[in-house]
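Participant: Each chain is listed here by its residues.
Protein chains: 2
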Amino acid sequence: MPELRKDPVIGRWVIIATERARRPDQFAISSAQGPEEKPCPFCEGKESQTPPEIYSIRPNNTAANTPGWELRVVPNQTPFLRIEGELDRTGKGLYDMMNGVGAHEIVIEANQHIANICDLSPEQIARVIGCYIDRINDLERDQRFKYVLVFKNYGWTAGGGRVKHARTQIIATPVNPKRVKEELVGARHYYDYHERCIFCDLIKQELASKDRLILEIDGFIAIAPFASRFPFEVWILPKKHSCDFVRQDPAQRAELAKILKQVLQKLKVGLNDPPYNFIIHTAPFRRQKLGYWKTIEEDYHWHIEITPRLTRVAGFEWGTGFYICPMPPENAAGFLREVDEAKTYGTK
Amino acid sequence: MPELRKDPVIGRWVIIATERARRPDQFAISSAQGPEEKPCPFCEGKESQTPPEIYSIRPNNTAANTPGWELRVVPNQTPFLRIEGELDRTGKGLYDMMNGVGAHEIVIEANQHIANICDLSPEQIARVIGCYIDRINDLERDQRFKYVLVFKNYGWTAGGGRVKHARTQIIATPVNPKRVKEELVGARHYYDYHERCIFCDLIKQELASKDRLILEIDGFIAIAPFASRFPFEVWILPKKHSCDFVRQDPAQRAELAKILKQVLQKLKVGLNDPPYNFIIHTAPFRRQKLGYWKTIEEDYHWHIEITPRLTRVAGFEWGTGFYICPMPPENAAGFLREVDEAKTYGTK
Chain A
385 MPELRKDPVI GRWVIIATER ARRPDQFAIS SAQGPEEKPC PFCEGKESQT
435 PPEIYSIRPN NTAANTPGWE LRVVPNQTPF LRIEGELDRT GKGLYDMMNG
485 VGAHEIVIEA NQHIANICDL SPEQIARVIG CYIDRINDLE RDQRFKYVLV
535 FKNYGWTAGG GRVKHARTQI IATPVNPKRV KEELVGARHY YDYHERCIFC
585 DLIKQELASK DRLILEIDGF IAIAPFASRF PFEVWILPKK HSCDFVRQDP
635 AQRAELAKIL KQVLQKLKVG LNDPPYNFII HTAPFRRQKL GYWKTIEEDY
685 HWHIEITPRL TRVAGFEWGT GFYICPMPPE NAAGFLREVD EAKTYGTK
Chain B
385 MPELRKDPVI GRWVIIATER ARRPDQFAIS SAQGPEEKPC PFCEGKESQT
435 PPEIYSIRPN NTAANTPGWE LRVVPNQTPF LRIEGELDRT GKGLYDMMNG
485 VGAHEIVIEA NQHIANICDL SPEQIARVIG CYIDRINDLE RDQRFKYVLV
535 FKNYGWTAGG GRVKHARTQI IATPVNPKRV KEELVGARHY YDYHERCIFC
585 DLIKQELASK DRLILEIDGF IAIAPFASRF PFEVWILPKK HSCDFVRQDP
635 AQRAELAKIL KQVLQKLKVG LNDPPYNFII HTAPFRRQKL GYWKTIEEDY
685 HWHIEITPRL TRVAGFEWGT GFYICPMPPE NAAGFLREVD EAKTYGTK
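In the order they appear, the protein sequences are chains A and B.
Read in order, the letters of the first sequence correspond to residues 385 to 732 in this note's numbering.
Read in order, the letters of the second sequence correspond to residues 385 to 732 in this note's numbering.
Same shape as in the complex, but just chain A (with noise of 0.2 angstroms):
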């Protein structure tokens, strides 16, 4: 069972992957850059290399694990935290823990072998986001869990795996984790002194100055935030507030699909397909639970942080929790409202 144990003076959760557990002569290949490629277990014929599935689309109505599907859901085969048990905090000295609970499953994009979502038709791309919002609704009935993830580390030095084929995690937590709440605060900070949201605010003032603004389209806009701590970092912003990803009807779903493409292409087109990480950032469950956040409703706004990795982090942002980016955001909004997605890859 993996052991979520807390930092007892900066109160940050560490989750100690037991059964990721590797002897010390293991580590040498994980640091070294791009291992080689895996034989897929995701494609359409190898349902049976995977975990049952919790989830799937099967126009047909093809049977669970077998072919005809267009997009699944698997549980993680070796998961970071483990769906049976109760929660079980306990303390050892000044120490405080509690039991991995939690569940993280993997969504499999697409029946083809292709790395990465941005070369899936739009389509493909709205049912894989509302296949988001399905799992997260069901996850939500699970009283144990506060807070869902949803993330994809594309290539090696941005987490991924060994094996290519377009995928999102989902992790559920039994606990709010830190940086959540930190933006949860921090939101909620500038509402009591404006009574507006920040992020709204955020949108017009990008809007009118367009410095950093990459795209605009109907529902939504991508920009350089502001105090980007990386190269080339976009934010996808919904225009309409909102708190929550999942209330999002089709068409809204349409609108994200077709810019999160966009985005993702520009930055395989201009940057040479760099690794990145993408990250849902909505609403945590049960907030009207949560003492003081409870207008959350009103001050926190629901968006997609996209943070390519080009760059190394090092002492200093492990350090001071500063980060250094070598790239004026301006500059990298410039840089990537001039690139034509539609060059140099073809859209599947």
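Everything labelled a hint here was simulated from the structure, so no lab data went into it.
One copy or any two copies: either way a pair holds, since identical chains are not told apart in the list.
No more than 30 angstroms apart at the CA atoms, straight line, and that leaves these computed lysine-lysine pairs for DSS-like:
no., residue 1, residue 2
1, Lys624, Lys390
2, Lys588, Lys562
3, Lys390, Lys562
4, Lys594, Lys390
5, Lys642, Lys652
6, Lys652, Lys623
7, Lys565, Lys673
8, Lys673, Lys624
9, Lys476, Lys594
10, Lys594, Lys624
11, Lys390, Lys565
12, Lys390, Lys530
13, Lys390, Lys652
14, Lys476, Lys623
15, Lys562, Lys530
Since the structure of chain A is already known, use the hints to place chain B on it.
Facilitator: Positioned in the frame of chain A, the structure of chain B alone reads:
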């Protein structure tokens, strides 16, 4: 001039390092692992290849910027922060920024071309520690600075450069970094309740259980921390309570040099010379002005954190602030206790 920008939601500062700005096509190289080594500008006889020295140890009183030194400190050629100018905070709509005033120095730890500080003699390491103390004391006199971070990036994946000559970076910042504040606040909360230093309690608990103890000498212990973020993470703590790294007498400096050499040799021998970050955690300057931090003398405890970089940090960590560590710290400590640090690598 580099610019400091604040994320309006999280409050996280970012340095937009304009002087290190690169064109988009120049980012490819930095994503590759371990490019070619560059000719070394830090060896004895190459003094003209660095900016003029700020500090040096010259036993025979040779002239500055000539051979005959044992240790030199020079400004960084492309600093993250610049020493010139006054602090100037401004806003732009909802965004906050300030100009990038600070100091960025490089400690060249030896005149020989040696990469890892653990291959220096204990006397040389004690001299390096004395130099850190002298430089921190000197930078404290500059009223613009609030904190000094002393750190090492060893090896390419830890952010180290293309020159393999042992050195330390010293950065003075005009704001107290978020990560430093979190540690101070956490230590203060514990003290408020228990009226004891959390680090002193932690040392007692680790000495009693011995599960995570790697080394113990007269004045210091080395442990694998309970909530290790990274496999083989090591913290070195002075047994005697002190909030401030600079208050070490020559005997303590010699003790610290001894345990530091042993710990880093254990990592080198046991893990095949891994990349690592090394960060000194000490109390900020001008703490009497810090309001509720005025008990920092009693509640904070300086220490060193060493994090080998054997795993990749990915979307889950960025999205949550949770870390996933695939090596239980008890196993890491057991392994490092057994490593005979003198076995493979000789002592210079």
